[in-house]
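Chains as they are written, first to last, in my numbering: chain A, 3 to 114; chain B, 2 to 113.
Keep in mind that the hints were calculated from the coordinates and are not lab data. Among these hints, one or two may not hold up.
Here are the computed lysine-lysine pairs in the DSS-like style, where the Cα-Cα straight-line distance is at most 25 angstroms [what the hints assert, rightly or not]:
1) Lys11(A) <-> Lys40(A)
2) Lys40(A) <-> Lys21(A)
3) Lys40(A) <-> Lys20(A)
4) Lys43(A) <-> Lys11(A)
5) Lys24(A) <-> Lys100(B)
6) Lys6(B) <-> Lys69(B)
7) Lys57(B) <-> Lys6(B)
8) Lys6(B) <-> Lys55(B)
9) Lys43(A) <-> Lys72(B)
10) Lys110(B) <-> Lys42(A)
11) Lys40(A) <-> Lys100(B)
12) Lys100(B) <-> Lys43(A)
13) Lys40(A) <-> Lys110(B)
14) Lys11(A) <-> Lys42(A)
15) Lys72(B) <-> Lys6(B)
16) Lys55(B) <-> Lys69(B)
17) Lys100(B) <-> Lys42(A)
18) Lys24(A) <-> Lys55(A)
19) Lys24(A) <-> Lys42(A)
20) Lys100(B) <-> Lys57(B)
21) Lys57(B) <-> Lys72(B)
22) Lys6(B) <-> Lys110(B)
23) Lys72(B) <-> Lys55(B)
24) Lys69(B) <-> Lys100(B)
25) Lys100(B) <-> Lys72(B)
26) Lys110(B) <-> Lys43(A)
27) Lys40(A) <-> Lys6(B)
28) Lys24(A) <-> Lys40(A)
29) Lys11(A) <-> Lys24(A)
30) Lys20(A) <-> Lys55(A)
31) Lys43(A) <-> Lys6(B)
32) Lys100(B) <-> Lys6(B)
33) Lys55(A) <-> Lys21(A)
34) Lys24(A) <-> Lys43(A)
35) Lys55(A) <-> Lys100(B)
36) Lys6(B) <-> Lys42(A)
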Amino acid sequence: DTEVTQTPKHLVMGMTNKKSLKCEQHMGHRAMYWYKQKAKKPPELMFVYSYEKLSINESVPSRFSPECPNSSLLNLHLHALQPEDSALYLCASSQELEDTQYFGPGTRLTVL
Amino acid sequence: DQQVKQNSPSLSVQEGRISILNCDYTNSMFDYFLWYKKYPAEGPTFLISISSIKDKNEDGRFTVFLNKSAKHLSLHIVPSQPGDSAVYFCAASAGGGNKLTFGTGTQLKVEL
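Only chain A is shown next, with the shape it has when bound in the complex (with noise of 0.2 angstroms):
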């Protein structure tokens, strides 16, 4: 089973809304990572994480706030967002950091 879960499937959040996306995995991963894709373009890594503490932060603006509250969770807080910010948020896990990663199918998130 390589299933990674990601909910919602979509999100129309206004600028001053705080909303969370979570993902989800019970594959026994310990790295998970997030990651940005804007049309016709290739997914963009934000954050990664392993054994739940913070790896990797992209230089991603505080308004995304990544939290990894066990093994199989993964959440991304949302906050004042931009309607730039538009754009399908990836959640992937990997065995350990080196290993191939899996994606979640994805929230297609649009900032009115």
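Got chain A; can you put chain B on it based on the hints?
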């Protein structure tokens, strides 16, 4: 600075024929390469990978070739099927690292 390039944004192939998708990279530190397939509104699906110690890896209809001296890899799909129609991304990482750098993708269309 696009370190991983897929110079063909689209490719059209007849069913049953071979599809060849190409990818070039500039960073000589890359030592692990992957191909992902992506349908619209879904996350990338891992297809096949290759380490820099190999020059070929095969999995069913999919074969990846790596030419380190030319910094070039290719994905061969044979025979191509209509269900293979998707966007294909190549990705690379360095030193067993966790940061994947994606190419810009090639839209493959397999026609009946």
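Hints, one by one, checked against the model:
Between Lys11(A) and Lys40(A) the CA atoms are separated by roughly 16 angstroms; this keeps the pair inside 25 angstroms, and the hint holds. Between Lys40(A) and Lys21(A) the alpha-carbon distance is near 19 angstroms, which keeps this suggested pair within the 25 angstroms criterion. Only pairs whose Cα atoms come within 25 angstroms are accepted, and Lys40(A) paired with Lys20(A) is accepted, the gap being roughly 21 angstroms. About 20 angstroms separates the Cα atoms of Lys43(A) and Lys11(A), which keeps this hinted pair within 25 angstroms; it holds.
Our distance criterion of 25 angstroms between C-alpha atoms is met by Lys24(A) and Lys100(B), whose separation comes to about 21 angstroms. A hinted pair counts as satisfied when its Cα atoms are at most 25 angstroms apart, and Lys6(B) with Lys69(B) qualifies at roughly 15 angstroms. Only pairs whose Cα atoms come within 25 angstroms are accepted, and Lys57(B) paired with Lys6(B) is accepted, the gap being roughly 20 angstroms. A threshold of 25 angstroms between alpha carbons decides the hint, and for Lys6(B) with Lys55(B) the separation of about 21 angstroms falls inside it, so the pair holds.
Simply put, Lys43(A) and Lys72(B) have alpha-carbon atoms about 22 angstroms apart, close enough for the 25 angstroms limit, and the pair holds. Among the hinted pairs, Lys110(B) with Lys42(A) is consistent with the structure: their alpha-carbon atoms are about 16 angstroms apart, no more than 25 angstroms. As the CA atoms of Lys40(A) and Lys100(B) are separated by approximately 18 angstroms, the hinted pair is consistent with the 25 angstroms bound. Restraint check for Lys100(B) and Lys43(A): the C-alpha separation of about 17 angstroms stays at or below 25 angstroms, so the hint holds.
The hinted pair formed by Lys40(A) and Lys110(B) meets the criterion: a straight-line CA distance of about 21 angstroms does not exceed 25 angstroms. Simply put, Lys11(A) and Lys42(A) have alpha-carbon atoms about 19 angstroms apart, close enough for the 25 angstroms limit, and the pair holds. Between the alpha carbons of Lys72(B) and Lys6(B) the distance comes to roughly 11 angstroms, so the proposed pair stays at or under 25 angstroms and holds. For the hint pairing Lys55(B) with Lys69(B), the CA-to-CA distance comes to about 9 angstroms; that is within 25 angstroms, so the pair holds.
A threshold of 25 angstroms between alpha carbons decides the hint, and for Lys100(B) with Lys42(A) the separation of about 20 angstroms falls inside it, so the pair holds. Proximity of Lys24(A) to Lys55(A) is assessed by CA-CA distance (about 17 angstroms); at most 25 angstroms being required, the pair is judged to hold. The straight-line distance between the Cα atoms of Lys24(A) and Lys42(A) is roughly 24 angstroms, inside the 25 angstroms bound, and the hint therefore holds. Between Lys100(B) and Lys57(B) the CA atoms are separated by roughly 23 angstroms; this keeps the pair inside 25 angstroms, and the hint holds.
Distance hint between Lys57(B) and Lys72(B) is fulfilled; the C-alpha atoms sit about 14 angstroms from each other, no more than 25 angstroms. A hinted pair counts as satisfied when its Cα atoms are at most 25 angstroms apart, and Lys6(B) with Lys110(B) qualifies at roughly 19 angstroms. With a C-alpha separation of about 13 angstroms, the suggested pair Lys72(B) and Lys55(B) falls inside the 25 angstroms cut-off, and the hint holds. At roughly 20 angstroms between alpha-carbon atoms, Lys69(B) and Lys100(B) fall within 25 angstroms of each other, so this suggested pair holds.
A threshold of 25 angstroms between alpha carbons decides the hint, and for Lys100(B) with Lys72(B) the separation of about 19 angstroms falls inside it, so the pair holds. The suggested pairing of Lys110(B) with Lys43(A) holds, with an alpha-carbon distance near 18 angstroms, which does not exceed 25 angstroms. Under the criterion of a C-alpha separation no larger than 25 angstroms, the hint pairing Lys40(A) with Lys6(B) is consistent with the structure, at around 17 angstroms. For the hint pairing Lys24(A) with Lys40(A), the CA-to-CA distance comes to about 19 angstroms; that is within 25 angstroms, so the pair holds.
Under the criterion of a C-alpha separation no larger than 25 angstroms, the hint pairing Lys11(A) with Lys24(A) is consistent with the structure, at around 10 angstroms. In summary, the hint linking Lys20(A) to Lys55(A) is supported, as the alpha carbons are separated by about 23 angstroms, within the 25 angstroms threshold. Distance restraint check for Lys43(A) and Lys6(B): the Cα-Cα separation of roughly 12 angstroms lies within the 25 angstroms cut-off, and the hinted pair is therefore satisfied. Our distance criterion of 25 angstroms between C-alpha atoms is met by Lys100(B) and Lys6(B), whose separation comes to about 16 angstroms.
Of the supplied pair hints, the one linking Lys55(A) and Lys21(A) holds, its CA atoms being roughly 22 angstroms apart against a limit of 25 angstroms. Our distance criterion of 25 angstroms between C-alpha atoms is met by Lys24(A) and Lys43(A), whose separation comes to about 23 angstroms. Annotation: proposed proximity of Lys55(A) to Lys100(B) holds, straight-line Cα distance about 16 angstroms (limit 25 angstroms). For the hint pairing Lys6(B) with Lys42(A), the CA-to-CA distance comes to about 14 angstroms; that is within 25 angstroms, so the pair holds.
When each numbered hint is compared with the structure, no violation occurs for any of them.
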